[in-house]
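Under the numbering used here, the first residue of the sequence shown carries the number -4, and numbering increases by one thereafter.
The set of hints was computed from the structure by calculation and includes no laboratory data.
Don't take every hint at face value.
[Unchecked claim] Taking lysine-lysine and the DSSO-like style, the derived pairs with C-alpha atoms no more than 27 Å apart in a straight line are:
| id | residue 1 | residue 2 |
| --- | --- | --- |
| 1 | Lys39 | Lys17 |
| 2 | Lys67 | Lys127 |
| 3 | Lys93 | Lys67 |
| 4 | Lys93 | Lys131 |
| 5 | Lys39 | Lys76 |
| 6 | Lys131 | Lys63 |
| 7 | Lys67 | Lys39 |
| 8 | Lys63 | Lys76 |
| 9 | Lys127 | Lys76 |
| 10 | Lys76 | Lys93 |
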Amino acid sequence: ILLTIYYYYSIKMVVGSCFCGKVRVEYNGQPLTTALCHCLDCRKITGSLFTFSLLVQTAELEISGNPKEIAKTSDSGNTIKNYFCPDCGTPLFGHKIKPNGDPNEVTVVRAGIFDDVEMLNEGKPQVEVFAKRRVKWVCPVEGATQVDGMLPIPSV
């Protein structure tokens, strides 16, 4: 299924936006992975029980509009910046901040902002992180790797 995801992303620009449309996100490339996260921070960011995200190379992401950012030390001890629409509040993406203050080369983009339902159908999560914090009535994704903590976010 990962080959299907790579093929889909390699032939099509993926476009998404916030609820009000003032911030747009475009991505043209292959995600490093697709993931569900069950950590407390992600639950609070989304107001849901988990996030579904694409991990992508920051250089291949194009943002238009002016998202608002908030930085926080995460459960993993890393400083994470999350970006939201300043008008409608839609959570858009986030990334780890390096010790020198620069953003990491990998950005975690919230999958729900993308307009293309077919892309979402093809992009089944490959991994679930903080799986030990998943609520008991949410079933594990069949075939997804289950990780009790956070994945190391690769630098590309």
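(message) Checking each numbered hint in turn, tell me which of them this model violates, lowest number first.
(response) Of the numbered hints given earlier, those the structure breaks are 4 and 6, listed in rising order.
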